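K.L.:
Numbering that gives the first Met the number 0 puts the first residue of the sequence shown at 0, with every later residue one more than the last.
Think about it this way: if two alpha-carbon atoms lie no more than 20 Å apart in a straight line, the pair counts; the simulated EDC-like pairs of lysine to aspartate or glutamate are: (1) K257 <-> D152; (2) K263 <-> E252; (3) K103 <-> D92; (4) K41 <-> E13; (5) K160 <-> D92; (6) K51 <-> D203; (7) K52 <-> E210; (8) K160 <-> E148; (9) K23 <-> E34; (10) K160 <-> E136; (11) K51 <-> E12; (12) K160 <-> E143; (13) K160 <-> E262; (14) K52 <-> D207; (15) K51 <-> D211; (16) K160 <-> D203; (17) K52 <-> D93; (18) K41 <-> E22; (19) K160 <-> E260; (20) K263 <-> E189; (21) K257 <-> E284; (22) K249 <-> D203; (23) K51 <-> E210; (24) K23 <-> E12; (25) K103 <-> D93; (26) K51 <-> E13; (27) K51 <-> E34.
Label pairs and their in silico Cβ distance ranges: (28) P231 <-> A26: 50 to 56 Å; (29) P231 <-> D207: 20 to 26 Å; (30) N49 <-> Q209: 15 to 21 Å.
Source of the hints: derived by calculation from the structure; they are not laboratory data. Quantities reported herein were computed from a predicted structural model and do not represent experimental measurements. Even for Gly, the Cβ is constructed at its ideal location relative to N, Cα and C.
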Amino acid sequence: MQQHQIWLDPYMEELAGIFTALEKAIAEFPSPLNEIGWQYAKQFHPLVPNSKKNYICYLLPFWLQSWSGISTSECRRLALADVWVMLHFFLLDDNMDENPADKKARLALANLFALAYMQEYRQLFHSESTFWSKMEEYVANWAEAVAQEDDADFFVSAPLKTAWKAAPVKLAAAGAFLLGQREEQLACAEQAIDLVLVTLQMSDDWLDWQEDLATGSYNGLLSLVRHRLGWPPEEVLSESTCRAALYDLKLYEEFADKTNEQEKQLQMLQPESPELIAFHQYLLEGFSSSSSTISEEVRLLSLGGFYHWLSNYRNY
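Generate the whole structure from the sequences, applying the supplied hints.
P.N.:
In structure tokens, the structure reads:
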């Protein structure tokens with residue numbers, strides 16, 4: 000039986016409500032951007048099977064509710080705004096990484112997404128609010144990460160900066176603590192969220208390293224491989240070289256250990272959000288399970304082909 004997840008289970012109805020509101024708003028976009036927009040957004044619908052799920056974007060205001068003191072209504076508005084933010088920056092990332100055939104339509108759509116979250120925020124925060132300087136900070140962080148991640152090699156040189164590509168997510172936190180008049184708590188929340196975002200990025204890198212290797216996208220796990228092998232940036236890594244390094248040098252263990260260090264740092268901060276802590280622990284469980292599976296694979300291979308075959312046979 001699946002364990003109750005405090006960061007997700009209590010919010011299933013809220014998730015449905017957020018995406019119902021999103022669908023209704025996108026339907027008002029000019030044609031054909033309304034259809035293109037919903038097809039794009041639906042990829043991230045958390046209640047659609049096999050969708051791309053980004054729970055921290057959907058639920059961060061709810062995870063911070065008791066800490067920040069905001070109302071459920073304010074949570075919903077901040078959550079919807081954060082989803083608009085997510086869609087806007089994801090579209091920009093897609094256009095930079097993929098150069099899609101419908102690039103013009105996507106750029107137009109990204110601007111409509113930006114208008115949507117700006118409209119929401121203007122209704123919540125007056126022009127002199129600290130919120131707008133926080134927006135400038137987060138967007139500047141995102142821009143620096145996008146422009147420099149390949150050359151700066153953030154995973155090795157400045158690991159916390161790997162969270163900066165997701166920095167706009169923290170608009171939900173800034174909004175929550177400002178609305179709740181607990182701005183003095185924001186710095187602690189930002190540090191905690193950054194740690195979770197780094198682990199979340201590492202989780203993506205763990206799962207996507209083969210795809211990122213093929214496309215040339217920056218990947219923290221591949222950066223670790225290159226660093227431990229002592230290879231210069233211009234040296235092309237092959238999949239076999241990466242796989243050998245992961246197994247022979249046990250880099251999968253080193254990579255997973257880094258997430259455990261982040262858990263220790265998160266606990267030291269003592270963020271007043273059981274949901275955020277539980278979500279981070281959920282991410283760690285994925286690393287622990289994968290690392291254990293690889294360790295067992297390595298052990299069986301060291302015993303010889305028959306043992307490896309026998310283990311696989313028993314799993315059928």
